[in-house]
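Starting from the given sequences, assemble the full structure and let the hints guide the process.
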Amino acid sequence: MNGRRILADLKVTARGYLRNPIALFFSLIFPLILILLFGLIFANTGSTVTTLYTENFDHSSPVSQQFLSDLNQTHLVAVQVISTSTGNLSVWLGQNGNPAGLVIPAGFGNNYTHHIATNVTLYVNPQDAAAAGSAEGAVQAVENEFNLHAACGNASGSCTPVLGFSSQNVGKAIFTYIDYLVPGLIGFSILTSPMFSMVDVTSSYRKEGIFRQLSLTPLTRDEWLASRVAWYTILTFLAAAIMLGFGIGVFGAKVTISIWLLPYLFVGPLLFVSLGMLAGSIARTPESAAVIGNIITFPMMFLAGTFFPVSEFSPGLQVVARVLPLYYVIDGMNQVLLFQNFGRALTDFVIVLGIAVVLFAGAVYLFRWKGE
Amino acid sequence: MAEAIAVEGLVKNYGSLAAVDGVSFHVPTGSVFAFLGPNGAGKTTTTEILEGLRARSSGSVQVLGFDPWSEGRPLHRLIGVIPQDFRFFEKITPREAIGYYAALFGTRPEPDRLLGRVKLEDKAHSRFDTLSGGQKQKLGLALSLVNDPRICFLDEPTTGLDPTARRAIWDVVRGLRQEGRTVFLTTHYLEEAEMLADRVAIINHGKIVAAGSPAEIIDRLGGAARLRIVAGREVADFVRSRFSNEVAVEGDHVDIVLHDHEEALAILSAVQASRLPWTGFTTVRDTLEDVFVRLVGRMDEGVLKSANGTPGNAA
Numbered sequence: 001m002n003g004r005r006i007l008a009d010l011k012v013t014a015r016g017y018l019r020n021p022i023a024l025f026f027s028l029i030f031p032l033i034l035i036l037l038f039g040l041i042f043a044n045t046g047s048t049v050t051t052l053y054t055e056n057f058d059h060s061s062p063v064s065q066q067f068l069s070d071l072n073q074t075h076l077v078a079v080q081v082i083s084t085s086t087g088n089l090s091v092w093l094g095q096n097g098n099p100a101g102l103v104i105p106a107g108f109g110n111n112y113t114h115h116i117a118t119n120v121t122l123y124v125n126p127q128d129a130a131a132a133g134s135a136e137g138a139v140q141a142v143e144n145e146f147n148l149h150a151a152c153g154n155a156s157g158s159c160t161p162v163l164g165f166s167s168q169n170v171g172k173a174i175f176t177y178i179d180y181l182v183p184g185l186i187g188f189s190i191l192t193s194p195m196f197s198m199v200d201v202t203s204s205y206r207k208e209g210i211f212r213q214l215s216l217t218p219l220t221r222d223e224w225l226a227s228r229v230a231w232y233t234i235l236t237f238l239a240a241a242i243m244l245g246f247g248i249g250v251f252g253a254k255v256t257i258s259i260w261l262l263p264y265l266f267v268g269p270l271l272f273v274s275l276g277m278l279a280g281s282i283a284r285t286p287e288s289a290a291v292i293g294n295i296i297t298f299p300m301m302f303l304a305g306t307f308f309p310v311s312e313f314s315p316g317l318q319v320v321a322r323v324l325p326l327y328y329v330i331d332g333m334n335q336v337l338l339f340q341n342f343g344r345a346l347t348d349f350v351i352v353l354g355i356a357v358v359l360f361a362g363a364v365y366l367f368r369w370k371g372e
Numbered sequence: 001m002a003e004a005i006a007v008e009g010l011v012k013n014y015g016s017l018a019a020v021d022g023v024s025f026h027v028p029t030g031s032v033f034a035f036l037g038p039n040g041a042g043k044t045t046t047t048e049i050l051e052g053l054r055a056r057s058s059g060s061v062q063v064l065g066f067d068p069w070s071e072g073r074p075l076h077r078l079i080g081v082i083p084q085d086f087r088f089f090e091k092i093t094p095r096e097a098i099g100y101y102a103a104l105f106g107t108r109p110e111p112d113r114l115l116g117r118v119k120l121e122d123k124a125h126s127r128f129d130t131l132s133g134g135q136k137q138k139l140g141l142a143l144s145l146v147n148d149p150r151i152c153f154l155d156e157p158t159t160g161l162d163p164t165a166r167r168a169i170w171d172v173v174r175g176l177r178q179e180g181r182t183v184f185l186t187t188h189y190l191e192e193a194e195m196l197a198d199r200v201a202i203i204n205h206g207k208i209v210a211a212g213s214p215a216e217i218i219d220r221l222g223g224a225a226r227l228r229i230v231a232g233r234e235v236a237d238f239v240r241s242r243f244s245n246e247v248a249v250e251g252d253h254v255d256i257v258l259h260d261h262e263e264a265l266a267i268l269s270a271v272q273a274s275r276l277p278w279t280g281f282t283t284v285r286d287t288l289e290d291v292f293v294r295l296v297g298r299m300d301e302g303v304l305k306s307a308n309g310t311p312g313n314a315a
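Protein sequences appear in the order of chains L and X. Sequential numbering from 1 applies to the first sequence in the working numbering. Sequential numbering from 1 applies to the second sequence in the working numbering.
Keep in mind that the hints were calculated from the coordinates and are not lab data. Glycine included, each C-beta is placed from N, C-alpha and C at the ideal position. Worth double-checking, as some hints may not be accurate.
Straight-line alpha carbon distances no greater than 30 Å define the calculated DSSO-like cross-link-like pairs of lysine-lysine that follow [what the hints assert, rightly or not]:
1. X:K91 with L:K207
2. X:K91 with X:K123
3. X:K119 with L:K207
4. L:K11 with L:K254
5. L:K11 with X:K207
6. X:K119 with X:K91
7. X:K123 with L:K207
8. L:K11 with X:K123
9. L:K11 with X:K119
10. L:K11 with X:K91
Now the stretches of chain L that chain X is said to cover, found in silico as 3 or more residues with beta-carbon under 8 Å [claimed, not checked]:
11. 2 to 8
12. 209 to 220
Shown next, in the form of structure tokens:
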């Protein structure tokens with residue numbers, strides 16, 4: 001590796017890029033337009049149906065199952081049962097940006113059947129009034145129905161309510177759409193700039209004989225690669241600065257800028273430069289390379305948490321999201337910028353690094369520099 | 001070093017197909033060597049093997065004393081290559097391209113001098129994607145000189161260029177030779193090869209079918225000189241009645257095969273004395289193109305007839 005040659009190639013790459021209005025637009029301007037557009041549209045809106053994350057410690061009881069089923073019937077909330085080993089639900093909801101959660105205690109069904117007063121615990125985010133109102137309305141309505149039913153079936157004829165709920169606030173962090181959009185669109189830039197460009201460059205340079213030409217100079221394949229990774233890392237830093245600047249400055253996004261964002265800004269471009277090269281190397285023509293690149297890029301663009309938090313997706317789509325490399329980049333940046341949950345951020349980073357290393361090795365293996 | 005390039009028994013197989021089949025030739029240092037052949041003859045494969053871009057199946061190849069495939073990195077510092085249909089980064093100017101190559105090679109050429117040499121100085125600050133085909137090719141030529149190469153590989157450098165651009169590149173090739181550099185030229189233009197090259201090798205179906213200087217090849221493989229008289233059939237009949245030479249009528253002229261130059265004077269005197277009508281005469285002989293077409297078939301129709309020439313080695 002020779003730094004002078006890498007720098008020379010980096011300069012030529014940067015010049016070419018900066019003189020290409022389309023490339024510049026998609027790298028820096030387009031994400032900016034997206035943050036403005038989505039920020040203005042969604043900044044103060046919420047979902048009409050609130051997802052109610054529920055820990056059911058009485059899951060074997062038909063009464064609790066009926067209770068949850070009736071909650072769904074209200075069409076105010078969509079119950080999503082999560083593992084009872086999730087831990088502190090309040091903290092979990094806060095870290096994942098979910099506005100509403102419910103805990104059904106053990107013995108819920110038995111207590112109800114024997115007319116022993118029992119409470120469910122509802123967690124709501126008071127700053128998300130719509131979600132909080134939906135959740136509280138739904139729980140109250142279903143409890144009233146259950147209490148009425150219990151009272152009517154009571155031989156003593158007393159109408160003492162059996163079920164009640166205590167309402168608590170969602171844990172420390174309270175996030176809005178724009179907060180998620182900032183890391184999401186940084187991820188968008190990390191994905192799109194190298195992917196679209198590298199797929200095109202790898203296939204078209206091969207077709208036009210530019211790699212062949214470069215292979216006759218002292219520039220090595222590894223140096224060329226290093227220069228590309230360096231360039232897309234620079235672009236990523238620029239895009240991140242713009243997203244953070246606009247997100248915070250224009251929309252007041254509540255993100256915490258941290259040094260732990262840096263690993264994602266370095267490894268993210270490496271991952272997608274490698275993936276782009278891989279797609280470009282596999283394809284026989286620039287046209288087929290573009291198709292392969294789009295097939296890989298577009299699902300990630302929409303399903304990895306770029307524009308909407310993955311937690312808002314249906315359970316099936318969440319499974320799909322978790323097989324996309326970009327999911328771990330964006331989730332990791334969410335953990336750093338929003339939740340300061342560095343344990344999970346580290347897990348995400350290790351996954352991103354692992355995928356990047358595998359893809360890089362594959363790209364280097366398949367990428368042909370000489371004629372054969 | 002007397003020989004810049006030495007190739008012995010070079011073979012390149014693609015599966016069962018021998019693209020290059022036992023080729024041998026030597027290129028003296030400081031000469032212009034033209035490598036000719038129809039499309040698919042093995043020309044580009046051989047050239048790419050010499051440039052270190054392609055591995056050979058067998059045989060020996062030395063370029064400036066290096067094995068191009070295993071010692072490509074040191075060799076590439078000593079050679080310059082301009083591919084046919086040269087392409088480069090679209091948004092970069094010729095001046096920047098030279099700066100880029102200079103940084104890669106660690107050399108300090110004078111960009112203006114290099115651009116002036118290929119007559120591209122007025123486009124020094126134009127982006128590559130705005131250059132014409134000829135200007136792009138000139139830039140490729142300038143870039144191939146950035147590292148002050150000892151051998152220049154020029155792969156069909158003038159294909160598709162207008163006459164002015166072609167002449168500019170010819171001037172550069174002549175200049176390179178005068179500076180003592182070796183030029184390895186592949187071209188479809190036989191006239192170009194005849195004019196520029198010290199030595200020529202013609203490859204067909206992976207084998208060398210003729211080699212030597214253009215004059216040697218024409219002498220050895222070309223037809224005899226002919227006296228061409230612009231006249232009608234009666235002149236042809238007259239010559240046949242008076243001389244034993246082979247006579248043919250072609251359109252508005254009569255071709256008479258000469259055994260030696262003195263015969264031409266005798267035949268012309270006799271025709272003049274006969275008072276038969278004629279309007280002009282010239283002597284003609286085969287060009288390298290005539291020999292080439294005879295050896296490899298009619299290229300313009302894409303029908304490649306098997307060459308009758310004896311596969312041989314170039315000196």
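Comparing the hints with the structure gives:
In summary, the hint linking K91 of chain X to K207 of chain L is supported, as the alpha carbons are separated by about 18 Å, within the 30 Å threshold. Distance check on the hinted pair: K91 of chain X and K123 of chain X sit about 13 Å apart at the alpha-carbon level, within 30 Å; holds. For the suggested pair K119 of chain X and K207 of chain L, the alpha carbons sit about 28 Å apart, so the restraint of at most 30 Å is met. Restraint check for K11 of chain L and K254 of chain L: the C-alpha separation of about 36 Å exceeds 30 Å, so the hint is violated.
The hinted pair formed by K11 of chain L and K207 of chain X fails the criterion: a straight-line CA distance of about 45 Å is larger than 30 Å. Using a Cα cut-off of 30 Å, the hinted pair K119 of chain X and K91 of chain X holds, with the two alpha carbons roughly 20 Å apart. Using a Cα cut-off of 30 Å, the hinted pair K123 of chain X and K207 of chain L holds, with the two alpha carbons roughly 26 Å apart. This hinted pair checks out: K11 of chain L and K123 of chain X have alpha carbons roughly 21 Å apart, not beyond 30 Å.
At roughly 26 Å between alpha-carbon atoms, K11 of chain L and K119 of chain X fall within 30 Å of each other, so this suggested pair holds. A hinted pair counts as satisfied when its Cα atoms are at most 30 Å apart, and K11 of chain L with K91 of chain X qualifies at roughly 12 Å. As drawn, the stretch 2 to 8 of chain L meets chain X at 4 residues by the rule of a beta-carbon pair under 8 Å; at three or more, the given contact holds. Under a criterion of three residues with beta carbons nearer than 8 Å to beta carbons of chain X, the stated coverage of the stretch 209 to 220 of chain L is upheld, 9 such residues being counted.
Hints 4, 5 from the earlier list are contradicted by this structure; the remaining hints agree with it.
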